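**Student:** Could you build the full structure based on these sequences and the hints that come with them?
What follows is each chain in one-letter form.
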Amino acid sequence: MRCAPGSEVSERRARLGHMGTLLAAISACALAIQAAGSFPTHADAKEELLRVAGEIGRPGGRIVIALRSEPKTLNPLTAPDTTSREVIGAMQADLVHINRATQLTEPALAKSWKVSADGLQYTLTLRRGLKFSDGQPMDVEDVLFTFRVYLDETVRAIQRDFLVVGGKPIAVRKVDAQTVAFTLARPYGVAERLFDGLPILPRHLLERAYKEGKLVQAGGLGTPANQWAGLGAFRLKEYVAGQRLVLERNPYYWKADEQGSRLPYLDEIVFLFVPSADAQVVRFQSGETDIISRLGAENFSVLSRQSRDYRMADAGPGLEYNFLFFNLNELGEKTPADVARKQNWFRSEKFRQAVSLAIDREAIVRLVYQGRGVPLWGPVTPGNPRWADAGIAHPARSLDKARQLLADAGFRLPNAENGESQLVDRDGKPIEFSIITSASNADRGKMAALIQDDLKQLGMRVQVVPLELHSLIDRITQTKEYDACVLGIASFDADPNSDLNVWLSSGGMHLWHPSQKHPATDWEAEIDLLMEQQLTATNGARRKKFYDRVQEILAERQPMIFLASPDVLVGAKTSIGNFHPAVLEPYVLWNVEQLYQRNGAENARR
Amino acid sequence: MSARSRLLFCVAVLGALHLGVACAGFFAPYDPVAQDREHPYAPPMRLHFVDTQGQIHPRPFFYAQALRAGSFEEYEENRARAIPVKFFVSGAPYHVLGVFPLRMHLFGGGGVPMYLLGSDAYGRDLLSRVLFGGQVSLLAGLIGAGLTLSIGLCIGALAGFWGGWKDEVLMRMAELFLALPWIYLLFALRAFLPLTVPPLQAFLLVVMVIGAVGWARPARIVRGIVLSAKERDFVRAARGFGASDSYLLRKHILPETASAVLTQAAILVPQFVLAEMTLSFLGLGVPEPVPTWGNMLASLQHYNVLVSYWWMYLPALAMVPFFLGYLVLASLLQGSYGTSKIE
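Chains as they are written, first to last, in our numbering: chain A, 1 to 606; chain B, 1 to 343.
In case anyone wonders, no lab produced these hints; they're calculated from the structure. What you are looking at is a predicted structure, and each value in this text was computed from that prediction instead of being measured. Check each hint, because a few of them may be wrong.
To be verified - To give an idea of the chain A side of the interface with chain B (calculated C-beta under 10 Å), a few residues:
| id | residue |
| --- | --- |
| 1 | LEU367 |
| 2 | GLY371 |
| 3 | ARG372 |
| 4 | PRO375 |
| 5 | ALA396 |
| 6 | ASP453 |
Unchecked claim - Okay, the calculated bits of chain A under chain B, using three or more residues with CB under 8 Å as the criterion:
| id | stretch |
| --- | --- |
| 7 | 104 to 114 |
| 8 | 195 to 209 |
As the list claims (entries may be wrong) - Which stretches of chain B does chain A cover? Using the computed rule of at least three CB atoms under 8 Å from a CB of chain A, they are:
| id | stretch |
| --- | --- |
| 9 | 211 to 224 |
| 10 | 251 to 263 |
All C-beta atoms in this analysis are idealised placements derived from N, C-alpha and C, irrespective of residue type, glycine included.
**Tutor:** Here's what the structure looks like:
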C-alpha cells in the first residue's frame, strides 16, 4: 500500500518541463523518420508467445504521458513511490500477473502453474524462448537469482516481506530447464497472486553488482540504456533530468495479439515530468499529452465540458479510501498535559462514533467529488466488491444521535448566551482540536473544511491546518504531534494483504498508533489475529469471513472514520486504441502493450 | 472643483466605503461562514424588475436557483415564481463594529437562498464574505500602516535630529530592513509557531510582522525632512532663544513632516492591505473559514475554479475602489501641501 499521491509542486521543475515538451516534440520528428527496425514481428518456432484478446491495433506511433514527479529509480527492489512503480510496470514482467480489469490472475512469464494439495508447493512452468529486452535469453537461473536477491536480507528488497510466510522465507528450487518449484512453510491465502509484482531480474546484468553489494544502487535514472533490461513491453531509451523519460518498444516481448503480431504496438512512450495536477490538465487540453490519469473530479468536469478530440472516462469507484483519524499514540512522559487531555476525548469510542455520525458523507461526495465518488463506512470500497463486507451498517447522518452519544460519554453542551454553544468535557474544558491535512491535496482540504462545519454543529471547535505532505507524514509517524488528520490510502491490489501494514498493530502505516510492540487494545489484538488467520487460510470463503470481521471491528471502534472514495477518473485522446481504464493501479497503463495510435504516422509527426 | 473640495469628496467616498465594510453584518445578507451545501458554486443571481409576463414590479425580485437534476455544477432558474427581495429582515446574528449585537439585515431572500455575487465551493454567500473579508483586510492595512508610520516617524525624526553616529546606526539598520525579504521572514516565523494559531492571533501576528518590517522607508523620508528643517532660520532662532530639543521637535520640526507622513499613510494602507492578501493567498495569513480578501482569492489557485467560476474573481474587484480612493487621496494630499507651501 502507499500514501495516495500528493502534488508536491516544484516551480523549477515546471519551468524545465516546458523545455522538455519542446525537446520531446523535436525528437519526435526525428523518430518518425527512423525505420521500424529489423526485429521479427512474428514468433519463431521455439517461442511460446502469449496471445491476448483485444482490438487489433496498428503498430507504430508514440504516446506522451505526464507524471506527477520524476521516478526515483528504475530498480524494482527499491521502488516505493507511485511514479517509479508506474514506469517500472511498463519495463518489467512477473511470473504470474493480476489482470487489472478482471482482478484475476493470468499466466505471464510462467505459462502454467500447479499447487499441491496441501497448498505448500507451487510448481511454475516457464514460457519457452523468453528473452530480456537486450536480447539475452531468460531461463530458470534468472528466476533463482531473482528470488535469491529478494530473500537476501542484506539487499533489503521491498518484496522480502511478502515472501516470508510463517516466519520462514519461501524456498525456491529448480526442477528442470523450464520448471521452478516454490515451497512455503505454511499455506498462503493469496495463493498465486503472490507472484504478481515480483519482476524477474536479468542475472547477466545484475549479478556483479549483487556480489559487490551494490545492487540497491543499480538502476538509477542515469543508467545507460544498454546496461538495463527487463521482460516488460518497453525498455529504457533516454532520460533527461527534470524533463522526460523515454521508453522504446521491447522487440523481444513475449505477448502477441490475436492475429499473432508481436506486441507492443507503440514504438515509444514518453513520460513528461509535470509536477502540478493543474499543469497536467492544461497540457492534456492543449494536446501535448495523450493520456491523463489520477484526475480530480473538478478537473475532470472541466475537461468533460470542453471535450473535443479526447474522451473522458469514469472507471467507477477505485480502491482509495479517505478517512479521519485521531492521535491514539501512547505518548511519553514529555507529552504536554494539553495533548494528554485531548487524548482522553479521542480514546472515548463514543466520542469517535459521535464524530462519525455527525459527518455528512453525502455532502463530501457532492461537494468534493461532484458526485463522482461514494460515501464510505469501511475501508473496502465498492470498487472491490469481492472483499467488501455487505454487513457493515451505513448509519445515516444524525446530529441528535451524535449529541446523545456525547452526553452518554460525559460531555456537556451548556447553553451559551451568544447562541454559539460550546461542547465541554467532564472538567468543563472546551472541546477544541485541529485537523491536519496535506496542503497539496485540495480534495482532502475540502473534506476537512466540511467536517469542521459538521462538528461545529456538535459544539466542537475545530481548526484545519494544511501541511506540506512530508511534514504531515513526519508528524504522524515520527513526532506524533497532532490531534487529528484527514488522509487517504490507495491499495494497489484488491487483496486484503496489500493493506497488511495498515491493520496490523505492528505496521508502520497503522496510522492512529503506528509500530506498536504489543497491541494497545483488545480489539487491535483481535484484528492482528484475524489478519494472521486470513493470511494463512487457503479457502477464499474463510478468508473473507476473517476479513469481514476486521471490517466490522473497524466500523464499530472507529479508529479511522471512513469518509468517501473517489472514482478513478481518466481521459485519453480518441486516437488511442484499446484504452480500457481499470480501478487498480496503474489505472491506464496496465495494458500498455495493447495501446495503439489509430492514426500512428500523423501523431508521430506532431 | 477646488483642490480642497476634491480632497473632501475623496475622503467622504473613502469614509463611506469603510463604513460599509465596518457595518458588514448589516449589509451582508448571510453569516459569512454559514455553508449551504445545496448550492455550491451558485452563479450570481440577477435582480429583476420586469417579470416574464412583462409586468413591472416596483420592488426588485429574483428567481430561485437550483442544481439541475443529476448535475453538480449547472444551475437553473425557477422562472415560475418571482421572489421579492425583502428589506430590513431579521437573520443571522452579528455584531456592529464588534460590539453591538444585532440581527437586522438590510435585505434578504426571506428564506429562499439569494446570492447576489454567487456562492463558493461550500455554498457560502460571496457578497457576505467580501464584506466581512474587507473588515479583516482593511483593518490589517490600517493597523499595519499606523504601526509602520509611528515607528518610522520616531526613528526618522530622532536620526535626523541627532545626526552623527546615532544617525549612522539607525540608517544602516533601516537599510538592513529595506533589504530584508519579508515574505521569507514570514515563512520562517510561521514555521516556528505552534501548529494551530487561532484566527485572531494569526491576524494580529500578520499585522505586527508587516507593520514592524516596513518602517524603513517612511523613516528615511522623515529623516530627510528633519535634516533640512532643523537648519532652517526659524528653528535656529528658536534654538537661540533657548528652546529645548523636545520643544523644537514638537512645535517646529515635526509639523514640517505632516504632509509627507499623511501622503505616506495614504500610500501605505493599500500596500499593507495587499500584503495581508498576499499572505492569506499563500495560506500564511488568517486561516479559513474566516474570510479575508486574500484567502477568498486563494481558491483561484486551482485551474478548474479559474476557468469555471468567473464570480470567484469578484473579491479582487472589491478592492479596486478602495485602492483607487487611497491613491487619489495620496496625490491630492501631496498636491495640496505642495501649493500651500509655495504660498
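**Student:** Now tell me if each hint is right for this structure.
**Tutor:** A quick look at each hint next to the structure:
1. Residue-level restraint check for A:LEU367 holds (minimum Cβ-Cβ distance to chain B is 5 Å; threshold 10 Å).
2. Hint status for A:GLY371 relative to chain B: holds, with the closest Cβ pair at about 5 Å, below 10 Å.
3. Below 10 Å, beta-carbon pairs count as interface contacts, and A:ARG372 has one with chain B at about 8 Å; its hint therefore holds.
4. Among the interface hints, the one on A:PRO375 is violated; its C-beta lies about 14 Å from the nearest C-beta in chain B, farther than the 10 Å criterion.
5. The interface hint given for A:ALA396 is broken, as the beta carbon of that residue sits about 15 Å from the closest beta carbon of chain B, more than 10 Å.
6. Here the hint on A:ASP453 is kept, as its CB sits about 5 Å from the closest CB of chain B, short of 10 Å.
7. With 0 residues carrying a beta carbon less than 8 Å from a beta carbon of chain B, the stretch 104 to 114 of chain A misses the three-residue requirement, and the given coverage is violated.
8. Figure legend: the stretch 195 to 209 of chain A, annotated as covered by chain B; annotation inconsistent (0 residues with Cβ-Cβ distances under 8 Å, at least 3 required).
9. Counting residues of the stretch 211 to 224 of chain B whose CB lies closer than 8 Å to any CB of chain A gives 0, so the stated coverage by that chain is violated, three being the minimum.
10. Counting residues of the stretch 251 to 263 of chain B whose CB falls under 8 Å from any CB of chain A gives 0; the rule of at least 3 is not met.
Going down the numbered hints, you'll see the structure goes against 4, 5, 7, 8, 9, 10, while the others check out.
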